Structures are given as C-alpha cells and as structure tokens.
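K.L.:
Chain by chain, the residues run as shown.
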Amino acid sequence: MVSVKDYAQDSHTITWCPGCGDFSILASLKKALVDAKLEPHNVVIASGIGCSGKLPHFIRAYGFESLHGRAVAAASGIKLANHELNVIAVGGDGDGYGIGTNHFVHACRRNYDMAYVVHNNQIYGLTTGQTSPTSEQGFKTKSTPEGVLEVPVNPIALAITMGATYVARGFSGDLVHLAKLIQGGIEHKGFALIDVMQPCVVWNRVNTFEYFRKKTYKLEDEGYEPFDKLKAYERAWEWKERIPLGVFYKADAPTYENGLPQLQSGPLVKKPIENIDIENLLSKYE
Amino acid sequence: MRINNMTFKAGGEAGAGIATIGSMFCKLAQRSGLWAFAENDYPSLIRGGHNTFTARVSDEKIWALHGKIDLLVALNARAVMEHADEMSQRGVIIYDANKVKKEDISVKRADVRLFDVPLSQFAREAGGEIFLNQAAMGAVVAVLGMQIERLYDLIEKTFATKGDEVVEKNRVAAKMGYEHVKAAKKQEFEIKIEPKRAGKTLLLNSNDAVCIGAVKAGLRLVAEYPMSPSSSVLHWMAEHAVRQEIVVKHTEDEIAAINYILGAGFAGVRAMTATSGGGFSLMCEALGNGGIAEIPCVILNVQRAGPSTGLPTYTEQADLRFALHASQGEFPRIVCMPGDAQEAFAETFNVFNMAELAQTPAIILLDKYIGESMQIVERFKETGMKVKRGKLQTDEQMENADKFLRHQITKNGISPRCIPGQKNGIYVCSSYEHDETGYTSEDAQNRIAQIDKRAKKLNAINPNTYQPAFFGNSKSTFLLVSWGSTKGVVLEAMKELQKENINIRFMHIKYASPFAADTIKQALQAASKTLICEGNSEGQMRGLIREKTGVLIENAYLKYDGRPFTVEGMVEKIKSLMQKGEEK
Ligand SMILES: Cc1ncc(C[n+]2csc(CCOP(=O)(O)OP(=O)(O)O)c2C)c(N)n1
Ligand SMILES: [Mg+2]
Numbered sequence: 003m004v005s006v007k008d009y010a011q012d013s014h015t016i017t018w019c020p021g022c023g024d025f026s027i028l029a030s031l032k033k034a035l036v037d038a039k040l041e042p043h044n045v046v047i048a049s050g051i052g053c054s055g056k057l058p059h060f061i062r063a064y065g066f067e068s069l070h071g072r073a074v075a076a077a078s079g080i081k082l083a084n085h086e087l088n089v090i091a092v093g094g095d096g097d098g099y100g101i102g103t104n105h106f107v108h109a110c111r112r113n114y115d116m117a118y119v120v121h122n123n124q125i126y127g128l129t130t131g132q133t134s135p136t137s138e139q140g141f142k143t144k145s146t147p148e149g150v151l152e153v154p155v156n157p158i159a160l161a162i163t164m165g166a167t168y169v170a171r172g173f174s175g176d177l178v179h180l181a182k183l184i185q186g187g188i189e190h191k192g193f194a195l196i197d198v199m200q201p202c203v204v205w206n207r208v209n210t211f212e213y214f215r216k217k218t219y220k221l222e223d224e225g226y227e228p229f230d231k232l233k234a235y236e237r238a239w240e241w242k243e244r245i246p247l248g249v250f251y252k253a254d255a256p257t258y259e260n261g262l263p264q265l266q267s268g269p270l271v272k273k274p275i276e277n278i279d280i281e282n283l284l285s286k287y288e
Numbered sequence: 124m125r126i127n128n129m130t131f132k133a134g135g136e137a138g139a140g141i142a143t144i145g146s147m148f149c150k151l152a153q154r155s156g157l158w159a160f161a162e163n164d165y166p167s168l169i170r171g172g173h174n175t176f177t178a179r180v181s182d183e184k185i186w187a188l189h190g191k192i193d194l195l196v197a198l199n200a201r202a203v204m205e206h207a208d209e210m211s212q213r214g215v216i217i218y219d220a221n222k223v224k225k226e227d228i229s230v231k232r233a234d235v236r237l238f239d240v241p242l243s244q245f246a247r248e249a250g251g252e253i254f255l256n257q258a259a260m261g262a263v264v265a266v267l268g269m270q271i272e273r274l275y276d277l278i279e280k281t282f283a284t285k286g287d288e289v290v291e292k293n294r295v296a297a298k299m300g301y302e303h304v305k306a307a308k309k310q311e312f313e314i315k316i317e318p319k320r321a322g323k324t325l326l327l328n329s330n331d332a333v334c335i336g337a338v339k340a341g342l343r344l345v346a347e348y349p350m351s352p353s354s355s356v357l358h359w360m361a362e363h364a365v366r367q368e369i370v371v372k373h374t375e376d377e378i379a380a381i382n383y384i385l386g387a388g389f390a391g392v393r394a395m396t397a398t399s400g401g402g403f404s405l406m407c408e409a410l411g412n413g414g415i416a417e418i419p420c421v422i423l424n425v426q427r428a429g430p431s432t433g434l435p436t437y438t439e440q441a442d443l444r445f446a447l448h449a450s451q452g453e454f455p456r457i458v459c460m461p462g463d464a465q466e467a468f469a470e471t472f473n474v475f476n477m478a479e480l481a482q483t484p485a486i487i488l489l490d491k492y493i494g495e496s497m498q499i500v501e502r503f504k505e506t507g508m509k510v511k512r513g514k515l516q517t518d519e520q521m522e523n524a525d526k527f528l529r530h531q532i533t534k535n536g537i538s539p540r541c542i543p544g545q546k547n548g549i550y551v552c553s554s555y556e557h558d559e560t561g562y563t564s565e566d567a568q569n570r571i572a573q574i575d576k577r578a579k580k581l582n583a584i585n586p587n588t589y590q591p592a593f594f595g596n597s598k599s600t601f602l603l604v605s606w607g608s609t610k611g612v613v614l615e616a617m618k619e620l621q622k623e624n625i626n627i628r629f630m631h632i633k634y635a636s637p638f639a640a641d642t643i644k645q646a647l648q649a650a651s652k653t654l655i656c657e658g659n660s661e662g663q664m665r666g667l668i669r670e671k672t673g674v675l676i677e678n679a680y681l682k683y684d685g686r687p688f689t690v691e692g693m694v695e696k697i698k699s700l701m702q703k704g705e706e707k
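Note that the protein sequences, when read in sequence, are chains W and D. Heads up: the first sequence begins at 3 in my numbering, then just goes up one per residue. Heads up: the second sequence begins at 124 in my numbering, then just goes up one per residue.
Source of the hints: derived by calculation from the structure; they are not laboratory data. Quick caveat: nothing in here was measured; it's all calculated off a predicted structure. Just so you know, even glycine gets a beta-carbon here, dropped at the ideal spot from N, CA and C. Please note that a few of the clues may not be correct.
As the list claims (entries may be wrong) - In the PhoX-like style, the derived pairs of lysine-lysine whose C-alpha atoms are separated by at most 25 angstroms in a straight line are:
| id | chain 1 | residue 1 | chain 2 | residue 2 |
| --- | --- | --- | --- | --- |
| 1 | W | K286 | D | K319 |
| 2 | W | K272 | D | K509 |
| 3 | D | K184 | W | K273 |
| 4 | D | K546 | W | K286 |
| 5 | W | K286 | D | K504 |
| 6 | W | K286 | D | K514 |
| 7 | D | K546 | W | K272 |
| 8 | W | K273 | D | K280 |
| 9 | W | K272 | D | K511 |
| 10 | D | K514 | W | K272 |
| 11 | D | K323 | W | K286 |
| 12 | D | K546 | W | K33 |
| 13 | D | K509 | W | K142 |
| 14 | D | K509 | W | K33 |
Said to hold, decoys possible - Which residues of chain W face chain D? A partial, calculated answer using Cβ under 8 angstroms:
| id | residue |
| --- | --- |
| 15 | H14 |
| 16 | H59 |
| 17 | V153 |
| 18 | I278 |
To be verified - Listing some non-contacts, in silico: residues in chain W with all C-beta distances to chain D over 12 angstroms:
| id | residue |
| --- | --- |
| 19 | E41 |
| 20 | V203 |
| 21 | A255 |
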C-alpha cells in the first residue's frame, strides 16, 4: 500500500512563501497520487519554471524540471517514450497559458493520457509580480501600472474547445475537493486539465483566498453533469459573480498513444535497440 | 565515342516532374553498374520557377558534378536558353516540340544538336500529362543506346504497388519516346551507356543516410517540424515509423520538437529531431537544458543559406559556430559534420553512442547540398556497429541501488544514469544548476564542481572516433583543409589535379566537438602551404582551428553564394595558389 509518506521529500525545505496556495496544491497532488494507488517510481512530474515549477523538488517522484513554458512538451516526450508511466505536468498560468500556450492547446487536441495541473494565481509570481494571461482587465501590476487592457485567457473554455477530455477547476483553499479533481484527472484516460485558483499572497491582492471563498461554488452541488460539451462551454464563461469549481467537461475519446500501432506491443523504452535489422531499408536504395 | 562517362541534365518549371526524371535516370545508371552524383537546384516555390536536376555518371566512383552537359532534357524554352552554353561539344538537347517553339529558342552553338520529341503528345496518348517523364526517359534511353527493357524493368519495380494499369501507361509512354528517337535517328550520338556488372550499391542522399544510421542506432522517437531542406527526414521517418517501431511526431513547433526529445531522452529512449537554421534557433534554449540536465539527444541541422529565412533551398556551411555555441552558458556538446552519404550513415550511428556515453546533446550538421544530392555509394557495411549505452543502469542494477546520485562527481565526469520507472533512482532532472542528487543548488563550490564534471565528459569519448580523415599524398607540403559537405568536390578536384601530376594532401574534419586538435595541428605544421575551403564568408572553421591549435591557415577559399563549390573552381584555386606562392 502506498501512503503519503512514500511521496514525502523531507530532505529539503520548501522555498514557497508562507501562506502560498502552492502548499495545498502539493498536498492535494500527493493525496491524489496515493488515492490513485500509484507508486512514486512510476510517476513523473514535469514542470515548467515559476514558483509553481519548483514543485517536483518537494515531492518524492521522478521529476523533470524543464524550461519556462515547456512542461507539457517535455511531458509529451516522456509519455511517448514510456506510456506506462503516469505523467503529470505542472506549471503556472504564465507558463502554460502564456509562453507555453502552443504546447498546451496542441496537447489538448492530441488527447495524450496525462494530467496537467496549472497553479493559476493570475500573476507572474517568481518574476515578482507582472501581469499574467489570466489577470483580469484593469488589474494593476508592475508591467501594467495603468491596468491590464486585454481580456484574460479562459483556460477552461480554451481546453474544452481544443479537445481536452477532462476539464476541471479547483481551488487551493479546498484541499480535499482539489485532491479529488486531480485524482480524477490522473485516472482519466486522456488529456486532463486541472486549473487551480491559487492566491498569491505577495503579488496579487485582488484574487485572494477571501475572494475565492466568497465567489466559488461546486458544480456538483447544483446537479451539474459534465458530459455535454456546449453546456460545459457555457459554464466555462461564468466568472464575475460566481465562480464554478469542479469538473466542467469529461468525455471518453481515444488517446493519442492508443492510435499508434507502434505502442501496442509495449512502450518504446522496452523495445530492444541492439542489432537492428536495416536490410529492408537498404534494399530500397539498391 | 564516350562510354559510361557523361553528365545529364533535366530542366523545367517547378512541378513539371524534373526530380522524377532525374531520379529515374540515376536509378538506371545504378542498375547499369555505374556510379553517379546528382544535384538538384530549385527555388522556394511549388509551381513555376526553374528547376534543374543534374547527374553525372561514371564507371569509377565519383563524388561531385564535373564537366559540361552531354544530354539535356528541356521541358520548356527557358531550360534550353539557360543551359545551351553549358553543353559539351556536340551535346544533345531533347525538347518538347509541342511546348517549345523553334522561334522561341536560339542556340548560338552550331555543334549542339536539338532533338524534338513530342513529349506531351506521347504523354497524353499514354494516358495523361503525368506520363511525360516516362516519354522523356524513353527518349533518353534511346539517345544513350541503352536497351528499353532496362527502363521497363525499372518502371515495373517503381510502380508495381500502384497496379498494372499505371505500370502499363508508363511503359507505353516510355516506348513512344524511345521509338521516336530510334526512328528519327538522323545522326549518331557520341555518348553511350553500356551496362556493367558491379558490386552492391545504394543510391541515396545524405538526409536518407542519416535516417538509416539513426534507425540502426536504435532511434525510437522523432519529433520534428518541417523546414527545408530537412523535411525529407520527417517524411522518411513517418513513412517507416510503424514498421520500424518508431514514434514520429510532427509537433506544433521546433521548441516542442526538442523538448519532446529531451523528455524521451530522460525517459531512456533514443530520440532525434531534424531541422534547419531557423528551427535550430528556436531550439537553443532547450539545447542548454539537455546540457545542464545531462540528457542525450540528437539534433540534425541541415544547413541552408541564412541568416533568417535566407535562401531556403540553397546551401551554406555557416552554422558551424552557431552549432558550437548555441544556447547560453557552457556545456559540452558533440558537433559532427559528415562529408557524404556513407559518412552520414556511419557517423549518425556513432553520434547516438557518443551522446549517450557523454549524456549530452549531439548536433549533426549537413547542408542542402549533400542533404539532397543523390549519390551512388557502396552498400553500407554494418560490421563492428555496436550500440553502446554508456552508464545507463539496468533495472537489475537499480534494484540494489542505495542513495543513487544521478549527477555524481566521478573521475571522468560521467555519472550513472537511471530512468523513470526504475526503483531506487528517483530524482529531479533539472534545468537549474543542481547538486549530485539533482536538487537545485546555487552553492558556489557545487557550481564549480558540476561545471567541471560536465566539461570533462567529452574526454571520455575515444579519440579514434573523431579524428579527421586524410586523403591524397601524405608527403605533399600542400595541405587543403575542409569539413562537411565540401569533401566530395575536393576529392574530385584532386583527381583532376592528378592528371597533371599535382598531388596534394587533404584533411577532412568530421568533428568540431570533440576536436582532434593535436592531429590537426601536426598536419598543419607539417605543411608549407595551407588552404581551407568552406561554404561561409567568415572562415568559421579557419577561426576554430586557429583558436584550438594556434595555427592560422594561410589561405581561405570561401563561397557563400548559396551554391556548392565546383570542381573547376577548386582546381583553379589550388593551381593558382601553387603558382603564385603566397596569397591572402
Ligand atoms: C524563456 C524565459 N523567459 C522568462 C523567464 C523568466 N520567468 C521565470 S518564471 C516566469 C513567470 C512565472 O509566472 P507563472 O508561470 O505564472 O508562474 P508562478 O511563478 O506564478 O507560479 C518568468 C517570466 C524564464 N525563466 N525563461
Ligand atoms: Mg502565476
């Protein structure tokens, strides 16, 4: 039996700010992995760069701390190389919805079997507080002292339109609920986005714990069923007055890996590479 | 009468099937036991423009084009007008009388013979315009005095999978072209192909050769974004993916491509991406991630003329310094520059081993010129090719591992490497500087230790595997130096010079990193006259050699017009240097 202890990385102190929402995302992730009964050596957590990107160091599982924005691309390579691994990508809102948007939207289309947990604090944390793609209009930051002019990215709507097959929003202030959402994403066969509202206690004084506590509600509490794409899309636009949490959309669809005949006999990493026969390749040129 | 030694050219609009005629011609030469080298020249567009395919065949091994055109298939007036001056004495131009009006062309040379063949009419009669290539091939076969059955055999082999009807229509077109020439045989032609028996050969370009070398090396994942002149690698890989059990992903961009292969390398799979300068530029940041995180991976850069979009379908060797220094900071990398298809195959295989041994990225530099030029080479030999995975740990080894240090400081800098899924190996593979465990560290002492450890790794590669190759007269005091794709033109020029009893020495450099500085320095010091030729304007290898050996190569022959070096130009350069003595 796997327990939370197995995922404990206690040789190093965590460098996040006290009170940061990242702590509870980490705790939720550990709980989700334990509840999904996965062993740490079969789990790879690929991250980007940002406060959020440091997460792999604080959990005992294989980690790939890639570049800013590249978590999903690296995770895709890992998954294709060994699809028996449980691959989870993590990163920030700038990481995934800004510099890494290209990888994110195309991974949704491909429906790789992986979960992507985004620490969405609506700010660039690590670089000390500039606007992010999810910052709300009018929000004042170091890089937008007069307020943000553009409309924010809507990650939920974006993921639904781009073909993700599990799209959820969690809140770092509700650990148990978030763990369930992450577990659902991990166990889902296909690309799962779990966008997590994660108040930044240093750089974002608007979208605070209080703000989310007041505004959020759970979709499941209102009898919402996540199987209709158009309804999900409609719900994805609810924000100003009330902010829905939970699974917006879930669908069964073949994964990318499933579509590859090369992978049906086992993962690439297990295929022998010694003495490969190239006779048939050469004879084409004779 | 000239037998088995000639140059063929086909010219016409893009989309007219010039490349098909050319490759059919080369295949015929191959099946006739001859050697060949062929170049294509085309602008960056899909329809219109002017495309040419030039092939030289010989009964001895050849490495480059050389000499005038003996037989030209001109599919439009422009092809006649543009290449008439390049014709040899009494050369033959086959043109389509239906498409090229006599009054639109004027060939000043009285000796050149124009031969009209109603190619498009034959094609239509055979079943459509697409059979025009075959009508032209039929005419070519007749001019060269070959048996039409040889072409029929080739047609059958080439189109067998498309069904009997397609084979038949191609055959009919070929027959009409052939018989037209035979019937109208007004004059004898001076060039002839007489089939010989020969050993097993391959007809391919260096892009293909890299693909085969990579497969042989155990490649399992390709992530690539199309970019001329590297796209044929993506197409080749995609075509062979299922059968060879390789996953081939056309990614959203080159940044994704390299990050995929880093992920795959981390997970224990041999992976590669291919691109050209623009794509390689986008990969720079991740290249460094491979360096600091010690991930083996292979990047093929088929150079085209830069900077920026540059001349997309033309050649250049101007990415050498870029490949050596791409990405911020310092880390070891392998940079290999094969000189021909044979080397492209063999060195690609080696490079995969080196990358895994040194746990670091490797870059292969080809260029448009050899990447896309077809040549006939001896069938690749596989003897002695052994996949070596360095310090990659087996599952059994990891079963007993205790406090595994992925980035352990060792004598030669190479640390044991585990992969996810293995028990007892859990670590974070990080783009940050890290300690031996992989944990982020900004400690000064650790920083020095990790930089030094990584820098050492290339020394673990056996120097015999990256030495330059020497050709010609080892006693000559005239040393010509080149790298990568210029090899063939130099070898061909040396053959010409030999005819005049000029025997120079030639050093071809295949690796810019690791760099065989001692050997290169010795060779330079033993020479009294030195010349380097390279396809860039700055003399990038010349500078590198000076930096690494302290020796300045006196003379440089640099070419950066987007076109490959020519044998004629090379011969002239060498001779003028020999006569003049010093030249800057
Ligand atoms: C290519 C590149 N550009 C910029 C940076 C600097 N940088 C590091 S993290 C970051 C943004 C972090 O914001 P987010 O992704 O939202 O993560 P958070 O810190 O908020 O968790 C930036 C711009 C970088 N590391 N790499
Ligand atoms: Mg953020």
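K.L.:
The structure should be examined with respect to each hint, and the outcome stated for every one.
P.N.:
Structure-based check of each hint:
| no. | hint | in the structure |
| --- | --- | --- |
| 1 | W:K286 - D:K319 | 21 angstroms, holds |
| 2 | W:K272 - D:K509 | 18 angstroms, holds |
| 3 | D:K184 - W:K273 | 39 angstroms, violated |
| 4 | D:K546 - W:K286 | 43 angstroms, violated |
| 5 | W:K286 - D:K504 | 16 angstroms, holds |
| 6 | W:K286 - D:K514 | 35 angstroms, violated |
| 7 | D:K546 - W:K272 | 16 angstroms, holds |
| 8 | W:K273 - D:K280 | 33 angstroms, violated |
| 9 | W:K272 - D:K511 | 16 angstroms, holds |
| 10 | D:K514 - W:K272 | 17 angstroms, holds |
| 11 | D:K323 - W:K286 | 12 angstroms, holds |
| 12 | D:K546 - W:K33 | 21 angstroms, holds |
| 13 | D:K509 - W:K142 | 61 angstroms, violated |
| 14 | D:K509 - W:K33 | 45 angstroms, violated |
| 15 | H14 | 6 angstroms, holds |
| 16 | H59 | 6 angstroms, holds |
| 17 | V153 | 23 angstroms, violated |
| 18 | I278 | 6 angstroms, holds |
| 19 | E41 | 8 angstroms, violated |
| 20 | V203 | 22 angstroms, holds |
| 21 | A255 | 19 angstroms, holds |
Hint violations for this structure: numbers 3, 4, 6, 8, 13, 14, 17 and 19, all remaining hints satisfied.
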